[in-house]
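Asks: Here is how the chains run, residue by residue.
Number of protein chains: 2
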Amino acid sequence: MTKAPRPERLLELVEAGQLQRFVELARELEPADLADVLAALDDEARLLAVQALPPDISADALAEMPEEAHAEETLAALDTEQAADILEELEDDDAADILGDLDPAEQQRILAEVEDPSEVEELLRYDEETAGGLMTTHVVTVLDTVTAAEALQGIREQADEVEDFYQIFVVDQLGRLVGFLPLKSLVVSPLERPVRAVMEDADIVVAPDVDQEEVARVMARYNLPSVPVVAGDGRLLGRVTFDDVDDVVEAETTEDLLKFGGVSADEELGAEWRSAVRSRLPWLTVNLLTAGLASAVVLVFRDVIQATVVLAALMPIIAGMGGNAGTQALAVTVRRLALGTIPRGQSLRVIGKETLVAAVNGLVVGVAVGVVTLTLGEGPRLGLLVFVAMTGNVLIAGCAGAFIPILLQRIGVDPAIASSVFVTTFTDIAGFLLLLGLAGMILL
Amino acid sequence: MTKAPRPERLLELVEAGQLQRFVELARELEPADLADVLAALDDEARLLAVQALPPDISADALAEMPEEAHAEETLAALDTEQAADILEELEDDDAADILGDLDPAEQQRILAEVEDPSEVEELLRYDEETAGGLMTTHVVTVLDTVTAAEALQGIREQADEVEDFYQIFVVDQLGRLVGFLPLKSLVVSPLERPVRAVMEDADIVVAPDVDQEEVARVMARYNLPSVPVVAGDGRLLGRVTFDDVDDVVEAETTEDLLKFGGVSADEELGAEWRSAVRSRLPWLTVNLLTAGLASAVVLVFRDVIQATVVLAALMPIIAGMGGNAGTQALAVTVRRLALGTIPRGQSLRVIGKETLVAAVNGLVVGVAVGVVTLTLGEGPRLGLLVFVAMTGNVLIAGCAGAFIPILLQRIGVDPAIASSVFVTTFTDIAGFLLLLGLAGMILL
Numbered sequence: 001m002t003k004a005p006r007p008e009r010l011l012e013l014v015e016a017g018q019l020q021r022f023v024e025l026a027r028e029l030e031p032a033d034l035a036d037v038l039a040a041l042d043d044e045a046r047l048l049a050v051q052a053l054p055p056d057i058s059a060d061a062l063a064e065m066p067e068e069a070h071a072e073e074t075l076a077a078l079d080t081e082q083a084a085d086i087l088e089e090l091e092d093d094d095a096a097d098i099l100g101d102l103d104p105a106e107q108q109r110i111l112a113e114v115e116d117p118s119e120v121e122e123l124l125r126y127d128e129e130t131a132g133g134l135m136t137t138h139v140v141t142v143l144d145t146v147t148a149a150e151a152l153q154g155i156r157e158q159a160d161e162v163e164d165f166y167q168i169f170v171v172d173q174l175g176r177l178v179g180f181l182p183l184k185s186l187v188v189s190p191l192e193r194p195v196r197a198v199m200e201d202a203d204i205v206v207a208p209d210v211d212q213e214e215v216a217r218v219m220a221r222y223n224l225p226s227v228p229v230v231a232g233d234g235r236l237l238g239r240v241t242f243d244d245v246d247d248v249v250e251a252e253t254t255e256d257l258l259k260f261g262g263v264s265a266d267e268e269l270g271a272e273w274r275s276a277v278r279s280r281l282p283w284l285t286v287n288l289l290t291a292g293l294a295s296a297v298v299l300v301f302r303d304v305i306q307a308t309v310v311l312a313a314l315m316p317i318i319a320g321m322g323g324n325a326g327t328q329a330l331a332v333t334v335r336r337l338a339l340g341t342i343p344r345g346q347s348l349r350v351i352g353k354e355t356l357v358a359a360v361n362g363l364v365v366g367v368a369v370g371v372v373t374l375t376l377g378e379g380p381r382l383g384l385l386v387f388v389a390m391t392g393n394v395l396i397a398g399c400a401g402a403f404i405p406i407l408l409q410r411i412g413v414d415p416a417i418a419s420s421v422f423v424t425t426f427t428d429i430a431g432f433l434l435l436l437g438l439a440g441m442i443l444l
Numbered sequence: 001m002t003k004a005p006r007p008e009r010l011l012e013l014v015e016a017g018q019l020q021r022f023v024e025l026a027r028e029l030e031p032a033d034l035a036d037v038l039a040a041l042d043d044e045a046r047l048l049a050v051q052a053l054p055p056d057i058s059a060d061a062l063a064e065m066p067e068e069a070h071a072e073e074t075l076a077a078l079d080t081e082q083a084a085d086i087l088e089e090l091e092d093d094d095a096a097d098i099l100g101d102l103d104p105a106e107q108q109r110i111l112a113e114v115e116d117p118s119e120v121e122e123l124l125r126y127d128e129e130t131a132g133g134l135m136t137t138h139v140v141t142v143l144d145t146v147t148a149a150e151a152l153q154g155i156r157e158q159a160d161e162v163e164d165f166y167q168i169f170v171v172d173q174l175g176r177l178v179g180f181l182p183l184k185s186l187v188v189s190p191l192e193r194p195v196r197a198v199m200e201d202a203d204i205v206v207a208p209d210v211d212q213e214e215v216a217r218v219m220a221r222y223n224l225p226s227v228p229v230v231a232g233d234g235r236l237l238g239r240v241t242f243d244d245v246d247d248v249v250e251a252e253t254t255e256d257l258l259k260f261g262g263v264s265a266d267e268e269l270g271a272e273w274r275s276a277v278r279s280r281l282p283w284l285t286v287n288l289l290t291a292g293l294a295s296a297v298v299l300v301f302r303d304v305i306q307a308t309v310v311l312a313a314l315m316p317i318i319a320g321m322g323g324n325a326g327t328q329a330l331a332v333t334v335r336r337l338a339l340g341t342i343p344r345g346q347s348l349r350v351i352g353k354e355t356l357v358a359a360v361n362g363l364v365v366g367v368a369v370g371v372v373t374l375t376l377g378e379g380p381r382l383g384l385l386v387f388v389a390m391t392g393n394v395l396i397a398g399c400a401g402a403f404i405p406i407l408l409q410r411i412g413v414d415p416a417i418a419s420s421v422f423v424t425t426f427t428d429i430a431g432f433l434l435l436l437g438l439a440g441m442i443l444l
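Quick note, the sequences are listed as chains F and R, same order.
Numbered by the working numbering, the letters in the first sequence go through residues 1 to 444 in order.
Numbered by the working numbering, the letters in the second sequence go through residues 1 to 444 in order.
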């Protein structure tokens with residue numbers, strides 16, 4: 001979609017050691033595309049490439065590198081002066097993001113060479129996953145006492161320091177936010193009008209300690225290109241822009257899908273195998289215990305199976321269909337909770353709906369499996385038994401798939417932790433209890 | 001976060017029939033908040049509320065209503081003239097979105113009363129899920145032959161018709177896009193400079209038939225507040241802005257999680273039970289057949305189970321752990337494919353990594369379960385058998401969890417269709433084959 005040089009060509013140039021030609025082509029690339037080239041290089045080649053690039057181009061590319069390419073390690077591997085040059089070219093929020101992944105001693109070593117480290121140091125104090133951690137302190141402000149003409153003049157003077165801006169913030173003498181100007185309204189309003197008469201209310205602001213997911217939610221809900229971050233005393237601290245939040249949404253989506261699949265949310269997608277093992281083994285161990293419970297249920301009923309061994313063949317189909325129906329209800333409910341679209345006081349209705357849907361589906365598959373069982377020649381009682389166990393297990397699964405995440409949310413636990421793997425072992429246990437317990441009663 | 005009236009208060013007013021007071025308070029609400037109030041009302045009350053509101057306020061709120069609240073039904077229930085008044089207040093892309101959900105006869109009935117329906121009619125021609133379906137035709141343009149001062153004058157004249165804009169597009173006499181101006185650069189550049197000298201290259205554009213997911217990806221990748229939509233002959237057709245894309249990302253995330261959970265991607269989260277049954281039953285039926293295969297495997301080995309009934313208790317634990325490990329590998333791989341972060345030619349490495357991770361985890365849980373089995377007093381051969389079956393099944397599961405979605409992507413099928421429920425039945429079959437097949441060989 002861009003008319004730029006092919007990334008593969010740049011890779012080849014670095015690998016062939018033709019760094020001068022690489023730098024020429026790199027200038028024509030979008031930062032995100034250059035970032036991908038750097039990410040695809042091995043550590044040594046990446047370091048050579050970054051050393052060859054002018055600091056402003058390195059900075060733009062490092063800011064766009066995916067988390068798992070570890071821009072901070074490249075920065076730390078440079079000599080201190082060069083690292084400081086790059087840091088000075090970075091937007092303060094990007095600088096803080098990259099430095100934040102280094103240990104404090106390394107941070108200090110590089111910051112000591114930076115001309116004015118105060119902004120980055122201030123940002124490093126905020127938790128990475130809050131509005132304070134996302135914001136840039138580079139905002140364009142005008143005083144609430146000026147006219148549109150004076151505001152335009154003030155903006156001309158500030159514009160060089162601020163990369164992109166979509167709103168101008170209006171502050172009082174104490175730096176407190178009193179309103180904002182869409183750039184558009186400043187362009188179209190008569191020059192002699194006071195800013196106060198043109199500005200819009202700053203109704204929507206966030207505090208620096210607000211979680212990044214909430215910041216993303218507010219910006220998407222109110223269609224904001226940027227949102228001001230405001231201290232408790234009303235002082236304007238910075239702004240979060242839509243592109244900061246894009247990354248948050250992408251990361252949260254990854255987390256939600258991984259958690260649903262029973263993987264720790266902090267596993268990096270491209271993690272090497274050792275760290276993937278460390279991330280997943282604890283979950284498998286927990287599930288081993290719950291799966292052990294399912295096995296124990298079967299063990300209790302070993303005499304029933306001994307007497308009617310076809311039950312062993314019916315176990316997986318009843319447990320499996322319960323798992324499927326439970327996972328369906330869970331996926332819908334977890335997503336509704338994440339979007340906040342379950343109205344207050346409607347939790348019981350949601351659980352009721354999921355149970356009803358599962359009951360209907362359970363009846364249909366229960367009849368189907370019951371009829372097929374009749375053809376196995378084990379008598380009508382087994383067919384009835386299978387029908388009851390299947391319908392019951394699918395119903396219980398649908399109810400649990402909705403109830404468990406809603407309960408977790410109520411008691412303050414992230415509902416996404418109720419992953420499909422837990423539901424599956426739960427429905428194993430319920431299915432075996434129903435099938436074998438009923439069989440014990442009516443067949444023995 | 002806003003200083004607006006409480007939504008609950010507005011609900012009460014509508015329900016008490018105090019529509020005049022409701023309208024007063026509705027004016028103070030953000031459109032998204034008013035949309036939630038309307039969505040929470042029943043159909044009849046919502047119609048009364050929309051009829052009472054001025055068309056511009058109704059329009060803003062209807063544009064923000066969640067998909068499942070069906071703004072189009074409210075619009076269709078109004079008398080034609082009032083519906084047309086609201087349509088005229090809507091942005092053209094929002095108007096097309098809402099109208100697009102009505103049947104053509106209804107669309108025509110309302111559009112016949114609209115003053116200038118041509119823009120909306122044009123947008124209705126594009127597929128809803130493409131750049132053309134997302135874009136607004138309201139763009140601010142300047143000719144490439146003017147100066148910055150003339151451009152500012154031109155923008156002043158156009159600004160009233162265009163709600164928000166972040167970039168000004170520079171076009172030639174034929175309406176072909178030649179570049180863009182960040183609003184900022186126009187504000188800060190000397191007035192006598194030609195626009196050609198100030199503008200930036202329009203490197204990144206999308207065609208009207210590009211899928212909405214790709215539009216979202218491009219905008220996030222290059223941090224764009226808006227992207228121009230350009231026809232094959234270079235003519236500027238419209239623009240897509242970041243807030244259009246927020247909704248796309250949210251909808252795609254919902255789809256991905258639902259598909260992963262084995263639910264049709266087009267099931268609305270708040271769907272009533274009948275449509276949820278229709279959406280899920282086909283999946284359950286397909287899974288019934290695969291689960292039937294797992295049962296058939298067990299049936300084949302009924303003699304083995306009869307001889308060593310403890311195998312029936314080991315079945316769920318081996319199948320279940322395989323399902324868990326497979327779901328883990330699947331979640332990571334599906335997400336990597338969705339983000340496009342698997343480099344070309346690296347598919348085998350990804351499958352290899354997932355298999356290795358599963359092999360290591362399989363060894364650990366295999367040893368644990370093998371040792372526990374020894375304590376059941378069925379002899380050392382059963383312990384060894386369980387160890388081999390568990391390790392083997394977890395390994396196969398990890399490999400399949402990575403291989404299947406990559407294969408689907410290769411043959412042009414959406415990899416997200418490889419849901420956790422399929423992996424679970426697959427690992428059931430593999431686990432039973434391993435456990436019972438090996439048992440048949442070494443125990444009988």
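Read the hints as simulated data drawn from the structure, not as lab findings.
Since the structure is predicted, the reported quantities are computational estimates derived from the model, not experimental observations.
Keep in mind that a hint or two might mislead.
When chains are identical, the list treats them as one kind, so a pair holds in a single copy or across two.
Unchecked claim - In silico lysine to aspartate or glutamate, DMTMM-like type, Cα no more than 20 angstroms apart, as pairs:
no., residue 1, residue 2
1, K184, E128
2, K184, E121
3, K184, D414
4, K184, E378
5, K184, D211
6, K184, D160
7, K184, E91
8, K184, D85
Asks: Name the hints, by number, that the structure is in violation of.
Replies: The structure conflicts with hints 1, 2, 3, 4, 5 and 8, although it agrees with all the remaining ones.
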